[in-house]
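Q: So you can see what is in the structure, the chains are spelled out below.
Protein chains: 2
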Amino acid sequence: MSADEPTPALPLGRGREFDAIRGLLARWGDRAVGIGDDAAIVRVPRGDALLASVDTAIENRHFRDDWLTPREIGYRAVTAALSDLAAMAAQPLGILVALALPERWSASLPAMADGIADAVTAAGTTILGGNLAAAELLSLTTTVLGSAFAPLRRGGLRPGDAIHVTGSLGGPGAAVAAWNSGHRLHDQHRQRFAHPSARIREARWLADRGANAGIDISDGLAADLEHLAAASAVGLDIDLGLVPLLDGVNGPIAAAASGEEYELVIGTPPGVALDAGEFERTFGIPLTAIGHAVPREAGVVFRRGAERVAKPTGYDHLSR
Amino acid sequence: MSADEPTPALPLGRGREFDAIRGLLARWGDRAVGIGDDAAIVRVPRGDALLASVDTAIENRHFRDDWLTPREIGYRAVTAALSDLAAMAAQPLGILVALALPERWSASLPAMADGIADAVTAAGTTILGGNLAAAELLSLTTTVLGSAFAPLRRGGLRPGDAIHVTGSLGGPGAAVAAWNSGHRLHDQHRQRFAHPSARIREARWLADRGANAGIDISDGLAADLEHLAAASAVGLDIDLGLVPLLDGVNGPIAAAASGEEYELVIGTPPGVALDAGEFERTFGIPLTAIGHAVPREAGVVFRRGAERVAKPTGYDHLSR
Numbered sequence: 001m002s003a004d005e006p007t008p009a010l011p012l013g014r015g016r017e018f019d020a021i022r023g024l025l026a027r028w029g030d031r032a033v034g035i036g037d038d039a040a041i042v043r044v045p046r047g048d049a050l051l052a053s054v055d056t057a058i059e060n061r062h063f064r065d066d067w068l069t070p071r072e073i074g075y076r077a078v079t080a081a082l083s084d085l086a087a088m089a090a091q092p093l094g095i096l097v098a099l100a101l102p103e104r105w106s107a108s109l110p111a112m113a114d115g116i117a118d119a120v121t122a123a124g125t126t127i128l129g130g131n132l133a134a135a136e137l138l139s140l141t142t143t144v145l146g147s148a149f150a151p152l153r154r155g156g157l158r159p160g161d162a163i164h165v166t167g168s169l170g171g172p173g174a175a176v177a178a179w180n181s182g183h184r185l186h187d188q189h190r191q192r193f194a195h196p197s198a199r200i201r202e203a204r205w206l207a208d209r210g211a212n213a214g215i216d217i218s219d220g221l222a223a224d225l226e227h228l229a230a231a232s233a234v235g236l237d238i239d240l241g242l243v244p245l246l247d248g249v250n251g252p253i254a255a256a257a258s259g260e261e262y263e264l265v266i267g268t269p270p271g272v273a274l275d276a277g278e279f280e281r282t283f284g285i286p287l288t289a290i291g292h293a294v295p296r297e298a299g300v301v302f303r304r305g306a307e308r309v310a311k312p313t314g315y316d317h318l319s320r
Numbered sequence: 321m322s323a324d325e326p327t328p329a330l331p332l333g334r335g336r337e338f339d340a341i342r343g344l345l346a347r348w349g350d351r352a353v354g355i356g357d358d359a360a361i362v363r364v365p366r367g368d369a370l371l372a373s374v375d376t377a378i379e380n381r382h383f384r385d386d387w388l389t390p391r392e393i394g395y396r397a398v399t400a401a402l403s404d405l406a407a408m409a410a411q412p413l414g415i416l417v418a419l420a421l422p423e424r425w426s427a428s429l430p431a432m433a434d435g436i437a438d439a440v441t442a443a444g445t446t447i448l449g450g451n452l453a454a455a456e457l458l459s460l461t462t463t464v465l466g467s468a469f470a471p472l473r474r475g476g477l478r479p480g481d482a483i484h485v486t487g488s489l490g491g492p493g494a495a496v497a498a499w500n501s502g503h504r505l506h507d508q509h510r511q512r513f514a515h516p517s518a519r520i521r522e523a524r525w526l527a528d529r530g531a532n533a534g535i536d537i538s539d540g541l542a543a544d545l546e547h548l549a550a551a552s553a554v555g556l557d558i559d560l561g562l563v564p565l566l567d568g569v570n571g572p573i574a575a576a577a578s579g580e581e582y583e584l585v586i587g588t589p590p591g592v593a594l595d596a597g598e599f600e601r602t603f604g605i606p607l608t609a610i611g612h613a614v615p616r617e618a619g620v621v622f623r624r625g626a627e628r629v630a631k632p633t634g635y636d637h638l639s640r
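Respectively, the protein sequence lines represent chains A and B. The opening residue of the first sequence carries number 1 in this note's numbering; numbering runs sequentially from there. The opening residue of the second sequence carries number 321 in this note's numbering; numbering runs sequentially from there.
Each hint should be verified, as a subset may be incorrect.
If you anchor each label on the Cβ, the simulated ranges turn out as follows [said to hold, decoys possible]:
{"hint": "1", "chain 1": "A", "residue 1": "27", "chain 2": "B", "residue 2": "343", "range": "37 to 43 Å"}
{"hint": "2", "chain 1": "A", "residue 1": "27", "chain 2": "B", "residue 2": "589", "range": "33 to 39 Å"}
{"hint": "3", "chain 1": "A", "residue 1": "104", "chain 2": "B", "residue 2": "626", "range": "45 to 51 Å"}
{"hint": "4", "chain 1": "B", "residue 1": "479", "chain 2": "A", "residue 2": "27", "range": "32 to 38 Å"}
{"hint": "5", "chain 1": "A", "residue 1": "201", "chain 2": "B", "residue 2": "502", "range": "55 to 61 Å"}
{"hint": "6", "chain 1": "B", "residue 1": "626", "chain 2": "A", "residue 2": "27", "range": "42 to 48 Å"}
{"hint": "7", "chain 1": "B", "residue 1": "605", "chain 2": "A", "residue 2": "26", "range": "36 to 42 Å"}
{"hint": "8", "chain 1": "B", "residue 1": "339", "chain 2": "A", "residue 2": "67", "range": "26 to 32 Å"}
{"hint": "9", "chain 1": "A", "residue 1": "46", "chain 2": "B", "residue 2": "590", "range": "32 to 38 Å"}
{"hint": "10", "chain 1": "B", "residue 1": "590", "chain 2": "A", "residue 2": "60", "range": "55 to 61 Å"}
Hints listed in this document are in silico derivations from the structure and should not be mistaken for laboratory results. The structure presented is a predicted model; accordingly, all values stated were derived computationally and were not measured. We put the beta carbon where it would ideally sit given N, CA and C, even for glycine.
Can you build the whole structure from these sequences, using the hints too?
A: This is the structure we're talking about:
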């Protein structure tokens, strides 16, 4: 069979691992393609670069089973990984999912598989392959593959560029704070934590209209702005008072420290004017200018209106 | 920066995770390329298909810290993943490594990183990206990306095709048996377990000379032959007595059940004659014809000379 033909699902061999994989494939139907060979075969559009990224979600580190349903765990892990393609304005080509599955989670595998399927369907892509291994703690490692003719980079900002953020922030941080403190959890905050969106279409809309740099908010707006500034070798002047907040979020400092938002921060050069009204009518979320890039020597400055504020503390995967 | 230019390593932000990643990048030098954006940017050769696969190695499931050094753990995990590209006769484009790292393993991270570098160097490729997360058990999930104009498939066998195996088998199985029983461990058996080779160059040599189907031996020769037969919808007639054994291996049945060999099984259509002597002179390992494909109705038959033998039991990841 030539690589130009579509790859049919191949019969698998014997054993419990293969039975479990067969069950997943039956559940996924046409959301999974070309499984059964040693590697998936993918066509990259002519002239495009391939984009590849990997992300791991681990039980009790990145989620807790009393916070999320199994379906939400699957959805959220894959959406977080797909968000890295959105950050670069790439079109998804497919994902590979490596599951480390404890025995006590095996009854939840079908629901988790449905969540994985929800995420690829929302992003308009498919499951190309994976791995299933027994383990003591549940983890989902998702590799995302995408393509773009001109990927949006972290290093594209120049002094004078405008900085924009998509969506309304603070929900995931507020949800985690409510869970940890036992305070009342707003439905909308839980929803933003459990059902984030990978801003795939939004990113391509922005790149098509002249965005020259991008990053997704995984570590928190403030921390990810610092990554963007470091990669671009610029400073930033950001007014956190302009950042749209979800109802019930405890102010812009909390919102700028809220991680795993999966909203986008993008830059535009002088002369590019983005139509925030058209963006909001198209995607149902705001697009907001929050500051601009300055020379590197000026550093990254956070303000709230005229008043300078300390850097809101972000999220560091190894420290919690 | 356009995607056609080589991607320089970008400055990273703050935090312990980033410090650890910076340490890895310093250690890897030019064995790691283009790290720092949300996703790696890769060029696929024009006309080639992209091949992608993922594999996970988990502490106490796939290796034990009293069996392997940290450097061997890193080498072996990545080599096992690269072997899936060899199975399809693909040229590696790069790997992504997701590490789940317990605190008690953090001092071993540099040695593990060296082992990962050893594996990509042996395969003539580079590290494109990764993920680092705290965890309770060590695991390494490796995504491999490769390209091929005409990938070797599991489904390519037809009745009458000859079946060949590379290398001498039984070493990994004998090593695991010795560790489990406390019997004397042969150096060569340990070496085959700890330092397997991904048969990347061998596979391309074979595909260039007319091989029409392939699989790598991860579950054991017998089990992987059954996968090949199932995918191709053929039966097989295999003489295990012909399989080359390492010294000290307890016969061909044990060798055919030995998993994680990472040798190749390939098929050739009638009329293709492989020069086993040239193969051995080129790669230093034997290439051996061990049987042929038959109609599906005849099933998969294992013999030892004239005598029919039961299927040697292979390796099932979820059952041990």
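Q: So which of those numbered hints doesn't the model satisfy?
A: Per hint list: zero violations.
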